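Visitor: The chain contents come next:
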Amino acid sequence: MALTAIEVDGLTKRFERVTAVDGISFTVAAGTTVALLGGNGAGKTTTLAMLLGLLEPTAGEVRVLGRDMRHERAHVLPRMNFSSPYVDLPHRLTTRQNLRVYGHLYGIEDVGDRISGLIEDLDLVGFADRPVGALSAGQRTRVALAKALINEPELLLLDEPTASLDPDTGDWVRSYLEAYQRRLGATILLASHNMGEVERLCRHVLMLRQGRIVDRGSPADLIQRYGRSTLEQVFLDIARSREAAQ
Amino acid sequence: MTARALRQNAPVGLSIGRIGAIVLRHYYLLKGSWARIFELAYWPTVQMIIWGFTTQFFIGHSSWVAQATGVLLAAVLLWDIVFRAQIGITVSFLEEQWSRNLANLFVTPLKPSEFAVALMVMSIIRTAIGVGPAVLLAIPLYHFSIFDLGLPLIPFFVCLMIMGWGIGLAVCGLVLRFGAGAEGLAWATVFGFAPISGIYYPISTLPWWLQPVAWGTPAAYVFEGMRAVMYEGVFRWDLLAGALITDAAYIAVGLFLFLIAFRWARRQGKLLQQGE
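Taken in order, these protein sequences are the chains called A and B. Per this note's numbering, the very first residue in the first sequence carries number 735; after that it's consecutive. Per this note's numbering, the very first residue in the second sequence carries number 7; after that it's consecutive.
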């Protein structure tokens with residue numbers, strides 16, 4: 735496995751007159767969890783989309799798991815996955831059917847065993863054979879997570895993984911992600927508005943504002959640097975454009 | 007890392023497994039919805055019944071139709087192949103858009119070309135479900151079997167399917183490019199080809215200036231070929247060649263438009279934003 739899971743250099747995305755991501759550069763070490771933090775429109779989802787190859791950058795380079803995403807995307811995609819509340823699974827298919835389809839798309843050999851394992855691990859047993867459209871938000875989030883883990887990805891990109899979940903289910907998802915990372919040494923890059931989640935899961939934080947990285951560091955470093963007591967206060971400082979205390 | 011995703015996802019070439027996965031997704035969708043299956047078979051059957059009665063009336067009043075009983079029914083059933091082939095591609099694509107699933111699909115190793123092939127496979131299945139009952143019902147109702155056309159039926163079917171795929175892929179490209187506002191094209195486009203396809207009348211019936219345009223559609227060759235078989239008992243190889251040449255152009259243009267639109271969608275972030 736590469737020591738650096740993600741290398742981004744000068745990544746830029748412009749939509750006509752709007753610059754959504756403005757020349758950002760960062761690296762994510764393999765086996766770590768890193769957060770992209772920022773307000774609405776800061777460029778988090780656009781950055782994730784470019785890392786996935788769903789969106790072509792206007793400029794800049796992206797290397798994922800040691801491969802250039804512009805030219806070697808097909809080599810990397812089987813080793814990564816993602817989940818987002820802005821993307822759905824087909825509502826009329828059951829949980830099990832959805833997982834089977836995605837299992838085949840990722841070319842998993844023992845897809846039946848893998849699905850059974852995920853259904854058990856993620857506690858999907860009670861609704862494995864119900865259409866996804868009939869599930870609650872919390873159940874759907876777990877199904878989306880199961881889809882994201884179907885290929886046991888080395889790199890997991892998560893866009894607001896616990897959005898719209900109650901605190902109990904949110905905590906359960908975070909615990910599961912921690913266990914998954916410990917078990918497989920996977921790399922996780924998550925975009926989130928939940929500061930508690932970021933403090934708990936992430937070793938490193940990239941603070942985005944108007945498409946630029948305006949600060950970075952560990953949650954503890956950032957809290958100390960801004961002279962605040964929580965990451966949420968730091969987030970508000972940055973979102974409201976206040977300068978760092980030091 | 008014990009990733010279970012087999013590295014069988016060859017970066018080059020097409021993967022039967024991934025094409026099969028998309029077909030499986032749409033099989034699950036059809037299996038779980040009797041309304042979808044009913045809708046597929048409903049219109050071809052209604053059309054066949056209407057044209058069956060029309061044919062019975064004409065046989066008593068028109069020597070042209072009487073020469074080849076079933077020529078209108080054959081035309082109706084064959085034209086429905088074009089329509090079902092096109093709609094089979096477009097609706098399968100729209101199902102992915104409506105369910106906001108495109109982004110999930112295209113972060114897997116699935117390639118746009120594999121997706122297009124899967125849509126074609128689904129189109130064959132949807133056409134079989136749609137036209138099959140009408141074809142079978144015509145036998146007891148009107149003593150007409152399309153299979154009486156014999157072996158020529160195979161090239162007719164293939165040529166009409168390919169024409170439908172070409173139009174279907176082009177429509178998918180337009181929907182990707184212009185969004186939900188272009189969805190109406192899915193149902194309307196193919197009917198624009200009907201007047202110049204010579205379904206119910208020879209191409210020579212058209213005004214002289216329209217005839218060269220008509221010969222630009224594969225269906226025109228197929229329906230002229232069908233009449234040659236039914237009236238003269240002759241299979242016209244020249245017409246088959248014309249159909250295949252125009253089909254090659256249709257599928258190439260359709261695939262090109264689809265892939266160009268896909269590239270545009272990837273540049274504009276539309277794969278993430280598609281939905282109802």
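It is possible that part of the hints are untrue.
Unchecked claim - Covered stretches of chain A, as calculated for chain B (at least 3 residues, CB under 8 Å): (1) 925-931; (2) 956-966.
Claimed, not checked - Quick list of the computed label-pair ranges, beta carbon to beta carbon: (3) Gly775(A) <-> Tyr48(B): 44 to 50 Å; (4) Gln944(A) <-> Phe184(B): 45 to 51 Å; (5) Ile43(B) <-> Asp844(A): 30 to 36 Å; (6) Glu843(A) <-> Lys37(B): 37 to 43 Å; (7) Asp902(A) <-> Arg273(B): 53 to 59 Å; (8) Gly775(A) <-> Phe184(B): 46 to 52 Å; (9) Leu143(B) <-> Ser909(A): 54 to 60 Å; (10) Val219(B) <-> Thr746(A): 42 to 48 Å; (11) Gly775(A) <-> Pro218(B): 52 to 58 Å.
Derived from the structure by calculation, the hints contain no laboratory data. None of the values given here were measured: they were computed from a predicted structure. A virtual CB, placed ideally from N, CA and C, is assigned to each residue, including glycine.
Visitor: Against this structure, judge whether each hint is valid.
Guide: Hints, one by one, checked against the model:
no.	hint	verdict
1	925-931	violated (count 0)
2	956-966	violated (count 0)
3	Gly775(A) <-> Tyr48(B): 44 to 50 Å	holds (47 Å)
4	Gln944(A) <-> Phe184(B): 45 to 51 Å	violated (30 Å)
5	Ile43(B) <-> Asp844(A): 30 to 36 Å	holds (32 Å)
6	Glu843(A) <-> Lys37(B): 37 to 43 Å	violated (24 Å)
7	Asp902(A) <-> Arg273(B): 53 to 59 Å	violated (41 Å)
8	Gly775(A) <-> Phe184(B): 46 to 52 Å	violated (25 Å)
9	Leu143(B) <-> Ser909(A): 54 to 60 Å	holds (59 Å)
10	Val219(B) <-> Thr746(A): 42 to 48 Å	holds (46 Å)
11	Gly775(A) <-> Pro218(B): 52 to 58 Å	holds (53 Å)
When each numbered hint is compared with the structure, violations occur for hints 1, 2, 4, 6, 7 and 8.
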